[in-house]
Structure formats: C-alpha cells, structure tokens
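As you go down the protein sequences, you meet chains Z and B in turn. Here my numbering is used: position 55 in the first sequence is 80, and no number is missing along the way. Here my numbering is used: position 82 in the second sequence is 928, and no number is missing along the way.
It is worth saying that the hints were derived from the structure and are not from the lab. These numbers were taken from a predicted model, which means no experiment stands behind them. For glycine and all other residues, C-beta sits at the position ideal for the given N, C-alpha and C. A couple of the hints might just be wrong.
As the list claims (entries may be wrong) - If you want a taste of the chain Z side facing chain B, the calculated C-beta under 7 angstroms gives, among others:
#, residue
1, Gln67
2, Pro90
3, Arg123
4, Gly129
Claimed, not checked - Cβ-Cβ distance ranges computed for the label pairs, FRET-style:
#, chain 1, residue 1, chain 2, residue 2, range
5, B, Leu962, Z, Ser106, 43 to 53 angstroms
6, Z, Thr78, B, Leu962, 47 to 57 angstroms
7, Z, Lys128, B, Ser908, 17 to 27 angstroms
8, Z, Lys128, B, Gln930, 15 to 25 angstroms
9, B, Gly917, Z, Asp36, 38 to 48 angstroms
10, B, Gln929, Z, Glu83, 36 to 46 angstroms
11, Z, Leu105, B, Leu885, 18 to 28 angstroms
12, B, Gln887, Z, Ala53, 16 to 26 angstroms
Claimed, not checked - Dumping the calculated DSSO-like pairs for lysine-lysine here, alpha-carbon to alpha-carbon at most 27 angstroms:
#, chain 1, residue 1, chain 2, residue 2
13, B, Lys903, Z, Lys128
14, B, Lys857, Z, Lys128
15, Z, Lys79, Z, Lys94
16, B, Lys903, B, Lys861
17, Z, Lys94, Z, Lys77
18, Z, Lys128, Z, Lys79
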Amino acid sequence: LAKTTQPISMDSYEGQEVNITCSHNNIATNDYITWYQQFPSQGPRFIIQGYKTKVTNEVASLFIPADRKSSTLSLPRVSLSDTAVYYCPPKTAYGNNRLAFGKGNQVVVIP
Amino acid sequence: GAGVSQSPSNKVTEKGKDVELRCDPISGHTALYWYRQSLGQGLEFLIYFQGNSAPDKSGLPSDRFSAERTGGSVSTLTIQRTQQEDSAVYLCASSSLAGGAYNEQFFGPGTRLTVL
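Extracted from the complex, chain B is given alone in its bound form:
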C-alpha cells in the first residue's frame, strides 16, 4: 500500500548544473503529473503522462526542462543548466487513470530543489 514516493527529498545544486528528480507512482496508476510549488505560490502544472506518453507538456517553463517515463511507472524530471529561479518544491502525483470524473490525484512528498 505504498503511496507516491519521490527522491531525493532535498537537492542543493549550483547554478548551471543539471539535476534529475525521480518519481515512483502508485503501482498500477497510469496517469502521472509533475507540478512545481515556488515559495509563497500555488502549485503550477508542468507535465502530464498517460502511460509512457506525455500528451501535455504545456506547463514546462523552458526547454531546459524535460521529463520521461519508462515502463509506465517511474518518471524522471530533468532540469538542465539550473537557474536560481528553478528553486522550488517539485511534486509528483499519480491517478488510476485520467479522463474520469472521480479519479483523485495522489501526491508525493516532493523534492525541494535549491539552486545556489
């Protein structure tokens, strides 16, 4: 009965470095979402996966951001050449499937990224 897990829980990096953030969704959940929460802000949608495909990438803020999902399970969000404005908590959520009225999203604890 494990929930959504994310790693690392905290990541401190230097400006210009690349980072990878990992999300393990609930087993069997086909829909996976990445959100970002900056200090004092609400959650901002980044990208949505259905299986291994990403039909909605409209929230990715720049081409430095990319994400992939393999085996319909684990997802990795990669930020290249990090900037200080990338500092935020990155949250992953999964649901049993998208497109239904009653499919709630289950969130992980997030990865706090700090870019120095």
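This is chain Z alone, in the form it adopts within the complex:
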C-alpha cells in the first residue's frame, strides 16, 4: 500500500482558510485519495475523496495535481469544531479498499 507523509501539527485562527498537504510518493494508478477527520475518542469520519484535479463538497475542497504525488485539503473558514486530526489514506478502487493511514496532521483552531 502507498505510504503517505504529512506534517505533524498546525495551528490556525478561527475564520481562516486552512490548507493541509499530504505527500503520496508511492500512490498507485488505481488508488483514490481520501481524507478523514478524527476527533478525540471517536473513530475517523470521511470528509472527501478524489482521483485528480479538484473536488469540492459542502465541507471541503480537495486539490490533486496532475502527477498525484500530493494532495491538499482546503477547509474554508474554520471554526473551533474543526480542531481534529486529519488523515489522507489512499484507497484502491478495487479489492478490499483497506485504508493505509499515516500519523495524520493535528489541526488546532484558535479563537
């Protein structure tokens, strides 16, 4: 499974846009890029998924360059409730869809 690397921690002020980047140096052709959010004492929650270019949903945008060696999750106007750990596991488009989580990126939103 492809490995992902992320920065460990970042702080942001409430109301700002937050961009979190993940490296996918070994991503496979059939892998999708997914992002999950995890609050303390809870399981991860799916945020968004993409293959390439840009994907947007009601909570976030995902930017994937043409080489797919990285991805950037963009959270517009973060609030305190966005404080969480964010993961970017690749997911194969076939087979068992097991997720290979890295250590994640802790985002702390400051009032």
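Assemble chain B onto chain Z, guided by the hints.
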C-alpha cells in the same frame, strides 16, 4: 439510522488474559474492517471481512489475534494471552461493499483496551 457500534467502550485486563471485542456494523453493510490505533500512532489495518469471509488477514500482528463474523453482521475480535503492547484503541469500520471507488468506510467509536 444507527451507525457502527462497538462494545465495550473500555476494557482493562491483566496480562495473559483473553479479551473479546465486539463490532456491530451498519445494517446491510457487507464489508467490515478492524483497525488498531496505538498511542501517538496512525491507524493500523488488522483484518477485512466480506460477508462472513476474511480474505485479508494480513494485518493481524500475531497468532494471538483472531476474528470472526457471523450472519454477515456482528464481528468479534479476540486477543488471546494479552500483552502490554496490545494496549490500543481497536476500531471497527463498515462499508456497503468493498471494491468500489466511492464506498466510504464508517467507523465506530472504538474500544480502548488497556493491558496491565
């Protein structure tokens, strides 16, 4: 509209004892996954079920770990002769089916296992 549930939420056991962790997936979800999250670590895949079969057990760390799923629903993860390094949060996830591009996994709240 219940999500994935897990029990117990917390389990404290003594080294050498056996433990059973339970997962109730979302009704109708055929794919079920177990992951483990140790302190300060990311989530580590353990095992995957499709229906009652486990075609991928490659993440189980040792033969002390086993899992089963019955009726295509409830799954039990069993750890025999627990060791202190087994202490972690064990997370279960389910999805409507595996092998598709857009099947997200829904996670339960986890079981925190502490081995003394």
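Status of each hint after checking the structure:
1. Gln67: 6 angstroms, holds
2. Pro90: 20 angstroms, violated
3. Arg123: Holds - the Cβ of Arg123(Z) comes within 7 angstroms of chain B, reaching about 5 angstroms at its closest.
4. Gly129: 6 angstroms, holds
5. Leu962(B) to Ser106(Z): 43 to 53 angstroms: 35 angstroms, violated
6. Thr78(Z) to Leu962(B): 47 to 57 angstroms: 51 angstroms, holds
7. Lys128(Z) to Ser908(B): 17 to 27 angstroms: 23 angstroms, holds
8. Lys128(Z) to Gln930(B): 15 to 25 angstroms: With Cβ atoms ~22 angstroms apart, the hint holds.
9. Gly917(B) to Asp36(Z): 38 to 48 angstroms: Hint holds: Cβ distance 47 angstroms, inside 38 to 48 angstroms.
10. Gln929(B) to Glu83(Z): 36 to 46 angstroms: 44 angstroms, holds
11. Leu105(Z) to Leu885(B): 18 to 28 angstroms: 25 angstroms, holds
12. Gln887(B) to Ala53(Z): 16 to 26 angstroms: 23 angstroms, holds
13. Lys903(B) to Lys128(Z): Judged against 27 angstroms, a Cα distance of about 22 angstroms means the pair holds.
14. Lys857(B) to Lys128(Z): 24 angstroms, holds
15. Lys79(Z) to Lys94(Z): 14 angstroms, holds
16. Lys903(B) to Lys861(B): 24 angstroms, holds
17. Lys94(Z) to Lys77(Z): Within the cut-off at roughly 10 angstroms; holds.
18. Lys128(Z) to Lys79(Z): 24 angstroms, holds
Of the numbered hints listed earlier, those contradicted by the structure are 2, 5.
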